[in-house]
Amino acid sequence: MSLLKEPDYGTPAREGEATVEVTIDGVAVTVPPGTSVMRAAKQAGLDIPKLCATDSLEAFGSCRLCVVEIDGARGTPASCTTPVAPGMVVRTQTEKLGKLRRGVMELYISDHPLDCLTCSANGDCELQDMAGVTGLREVRYGSGVDAGANHMDLLKDTSNPYFDFDASKCIACSRCVRACDEVQGTIALTISGRGFDSKVAAGAGVPFMESDCVSCGACVQACPTATLQEKSVVELGMPTRSVITTCAYCGVGCSFKAELRGDELVRMVPYKDGGANEGHSCVKGRFAFGYASHPDRVMKPMLRESIADEWREVSWEEAIGFTARRLREIQAEHGAGSIGAITSSRTTNEEVYAVQKLVRAVFGNNNVDTCARVCHSPTGYGLKQTFGTSAGTQDFKSVEKADVILLIGANPTDAHPVFASRMKRRLRQGAKLVVIDPRRIDLVRTPHIEAAHHLALQPGTNVAVLNALAHVIVTEGLVDRAFTEERCEEVAGWETFIARPEHSPEAVAEITGVAAEDMRAAARLYAGAGNGAIYYGLGVTEHSQGSTTVMAMANLAMATGNIGRDGVGVNPLRGQNNVQGSCDMGSFPHELPGYRHVGDDDVRDIYEQLWGTPILSEPGLRIPNMFDSAIDGSFRALFVQGEDIAQSDPNTQHVHAALAALDLVVVQDLFVNETAKSRTSCCRARRSWRRTARSPTPSAGSTGSAR
Amino acid sequence: MVAERLTAAGADVVRTGSRGMLWLEPLVEVETPAGRVGYGPVAPEDVDGLVAAGMLAAPERPTRRAETSDSPEGGRVVHPGPASPAIRHGESGVYLGLVEDLPWMRRQQRVTFARVGVVDPLSADDYVTHGGLTGLRAALRTSPTAVVEAVVESGLRGRGGAGFPTGIKWRTVLGAEADVKFVCCNADEGDSGTFADRMLIEGDPFTLIEGMTIAAHAVGATEGYVYLRSEYPDAVETLTAAIGVARERGWLGERILDSDLTFDLHVRVGAGAYICGEETSMLESLEGKRGQVRAKPPIPALEGLFGRPTVVNNVLSLASVPAILADGAASYAALGVGRSRGTSVFQLGGNVARGGIVETAFGITLGELVEDLGGGTASGRPARAVQVGGPLGAYLPVEKFDLSMDYEAFTEAGAMLGHGGIVVFDDTVDMAAMARFAFSFCAEESCGKCTPCRVGAVRGVETIDRIRTGQDREKNLVLLEDLCELMTDGSLCAMGGLTPMPVRSAVQHFGEDFTR
Ligand SMILES: Cc1cc2nc3c(=O)[nH]c(=O)nc-3n(C[C@H](O)[C@H](O)[C@H](O)COP(=O)(O)O)c2cc1C
Ligand code: SF4
Ligand code: SF4
Ligand code: SF4
Ligand code: SF4
Ligand code: FES
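Sequence order for the protein chains is A and B. Each residue of the first sequence is one higher than the one before, counting from 1 in the numbering used here. Each residue of the second sequence is one higher than the one before, counting from 1 in the numbering used here.
Excised from the complex, chain A in its bound form:
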């Protein structure tokens, strides 16, 4: 177990087939066109010294450490900004290059404090590494106390709660500025001044906290020195080992390296290999990890017999024994169907699978449901009806190829920050945006981004607006015939229906509150896009017409042929990071893993064989049914995994009444949450930094109490 460092190729990967062969230091390597010499070299296993380049950012060419010699080319070009050309012959290590690189390092160090041993980045500093690999042995211009003009007395900006900015150590490589622009899209940083006075400035030279900075940490991540450094590292020192995990805050599900020293969490570093975030993060996942060692964390199983009692820490044996005994007693008294469980979309596939198996194989009923019931079950239903699978159609990367984005009932900059950054990057490259939302969300207008249309509809009119868009597409001849003929069913019927005058923008303008012309223009834009992509959130699904709206979106995508490749599709922005997985794992009362109906004999047969026990063919209770049945007395015990139903489910009074009516509530969570407080019983979960699984949160838990 050691600190994990992903390789840095220096410049971003280029798409396309590897067709360009070059020879670098005698090694032949073939890469896609547009790849930098630096990246090609890394692919060939050759590290070229660099400071201003990192593979999350486009090449900049400022440090001049990466110079190489290329046959037939003049001078010593920078390998980060030089693309490969067929047959190129490159040398990365020659006497001349060595001298140039040492010369560059000599200049850097002539304006850098010589306090490596006490520096917070000691051991994790690219400047230090480069001094090493270039063989810098003296600084003839003077350094440290003998230095000439320098920046060593610049003050530290400690205003940000999560990281410090120590300007005295800045090498003016602009990686932070570029990360804030290119990766995060907040554009909070600039270089102020010119020449030797070039300095990183937040906003117009204000402290970080007063700038537009949203503390995403991208700049800290990009900084090669100690200049931008996590406060936790300054205080605790360098971590020594990494555990790959998933952020549990939002539906993006970013991958992180939890970096620890022993069992102490020092920092959370976004993981480059994570498909959702590709090395980016937001403030929540990156810095809001105080819960991991919060004093309120429940570290041992706890139990109370009644709500009036104090919590009692108990052994696992007692907790599990108590819970099992009570559940069986309740079943004996009130029937097999009197107990059930709720799975969490913040847990791993394995954990969800275990809970639904517990319900079906041990409880002997199908009373299992998931928190996705409240957020994205309309997605599941709507997409299954239209596409045949209840899954979003794309990965997050797909947005990089979208040309027109329809954003419906979602506010990604707040709720899905890392995805928002990826989308903003695409929008800054020129993709067009249509926002369909009653609110004027940030993306309607933010630096360098302006929505082409904002259809500020009246709440409750999602279907009307989407049908009006479809109406325009059908009646103006914008349907992708080739696509619908080859791949869609019942097209004619749908077209006749949607073409009816009552679906026209003019007809629905009044009830939707959106000008007909805007709807027409938005429809034309989407239909005319090379790649049109729909992204939607809870503004669509947490609605009585959620499923219908999902189907309306799917129809739009099919009618315009915007399905089945990168850059298009119908994309739910989920409430939690593992909604898809928890649904896949059989969390619904009517479906076994893989969305297979419990009423299907063949399907049940498979699991009965596997689990060695009969499975009920009747679908179980959904969450609202569980609450209703609790109140009418037929449902008596609930196992809740990683969800705080007392807080997050609609109609709180009803939920509280249901909880109060239950004989036993078992909560598996990191904290004594509102559900546990309002009624309970038991609980405990551990966030284990030893585990490497799909998703992080609770790993063990439980026990309960009687009234």
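These are calculated hints, taken from the structure and not from any lab test. One or more of the hints may lead you astray.
To spell it out: a stretch of chain B is covered by chain A in this simulated footprint if at least three of its residues, at any positions, have a beta carbon under 8 Å from a beta carbon of chain A; those stretches are [to be verified]:
hint : segment
1    : 289-296
2    : 455-466
3    : 487-499
Glycine included, C-beta positions come from ideal geometry on N, C-alpha and C.
Given chain A, put chain B with the ligands in place with the hints provided.
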């Protein structure tokens, strides 16, 4: 003042651009059947005496059309008759005879500057009368490719400093596929001791407009920008006015001269930084960003302004194009030596007796320019050093006065022609101080992007200071040379890359100044 008095005396006064004979300004030229007769420098109080002596007397033709521009550039009083004998005999001391016959003018071959100082800068009619639009008309009669090839054949190379063949650059832009292409004129003219861009724009702005329009036709551009330095308010005004006139005349806009060409032109005033003259930095500035250098590739010809294929050329490069198209590539290529074809516009300045514009074919020697045309130093002391090519150019000693003024000869001598600025120093100059100045100029003007220049320039100043005060002189001279090598080979752009040129040339030719 001079103009007012002449008008009062009944002359028809027209303000022209400068002839480039700075020591004779304000210059008054009187148009006569024999040609333009010059008087200069003319002080306002001279005017009455000159008129009384028959300056405006025109026996043959009573109409008096006098053209002038008083200071600082001079101008012309154009006058219909020969000067009176009284003046001819120099009573006022300012009679010059026929301007064309002045030795200064006779030594020149004015191609790019043919109309400068001759025409009324904002008179479209004057422009056409003096051969304007011939080049554009010729260009519009042929294909873009033919125009590009003519420019290639002419041998024209960039006059902004780097000397890159203009036609080759255009060929790249022509071959690039894009929704829009641009033509950008670099009129940032930041080199100390240079003023040719300004004189051309103030004296003959239509030539630049015509050149850019030809470029637009050649590469398929629809929009153009002239990036003019903020220190040139008069040039901004003249060019803006000229663009207005050109639009009115149908020389800009849609269907130019009834062809299919659509092209419009805008003036943008620079940010006042030397580095904004570097082409990629200029493009950033034109896009409204901080003037910071971009790494190349991509080259501007493929991804320039707003990422579109863009011609970036100096004022003089673009202003030479109309003549090439009008008179044929061959006639332009007939001038010059080796791979330096055509004429170059040299600007004599510094400690020189006669400063100004000298346009001549490549191949004249440095000595001829400084001694014959410039008349040696203004101070009268022996010349010691000449800096050619702006603040990043080499310092050459008088021993190099036989150097031919062409790109190759200069490269071989470790020097460069740059934008044609020639600054003369007499024997009181301290060359170690000049070397120090090169670094401090670089430190002042560096964009700060790349390390060799951002930090190196400051260290260069410090190192020279140590050498001059005798601290570890030998070691520091070695360090200085290492720094020069690093900046030359390692810098991202020519700002840092060429700063060592004046430094190294000073050490090489005037080493004694570093050990005093
Ligand atoms: C520091 C620096 C300053 C420059 N300043 C100017 C300038 O003021 N005017 C100019 O035309 N070119 C200037 N150049 C050269 C331009 O980068 C570019 O080569 C030129 O505009 C191209 O036009 P040309 O091919 O017609 O010469 C400068 C270059 C550098 C490195
Ligand atoms: S933390 Fe994020 S938003 Fe703040 S300055 Fe850094 S990159 Fe920009
Ligand atoms: S703060 Fe870090 S990333 Fe930003 S310029 Fe300075 S050294 Fe580079
Ligand atoms: S975007 Fe979501 S998943 Fe990613 S770090 Fe932020 S809260 Fe966590
Ligand atoms: S050489 Fe100087 S001016 Fe040119 S990019 Fe580097 S820092 Fe900027
Ligand atoms: S890594 Fe290429 S110039 Fe910095």
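Against the structure, the hints come out as follows:
With a cut-off of 8 Å between beta carbons, the segment 289-296 of chain B has 4 residues touching chain A; three or more are needed, and the interface restraint holds. Beta-carbon proximity to chain A at under 8 Å applies to 7 residues in the segment 455-466 of chain B; the threshold of 3 is reached and the given coverage holds. Counting residues of the segment 487-499 of chain B whose beta carbon lies closer than 8 Å to any beta carbon of chain A gives 4, which meets the minimum of three for the stated coverage.
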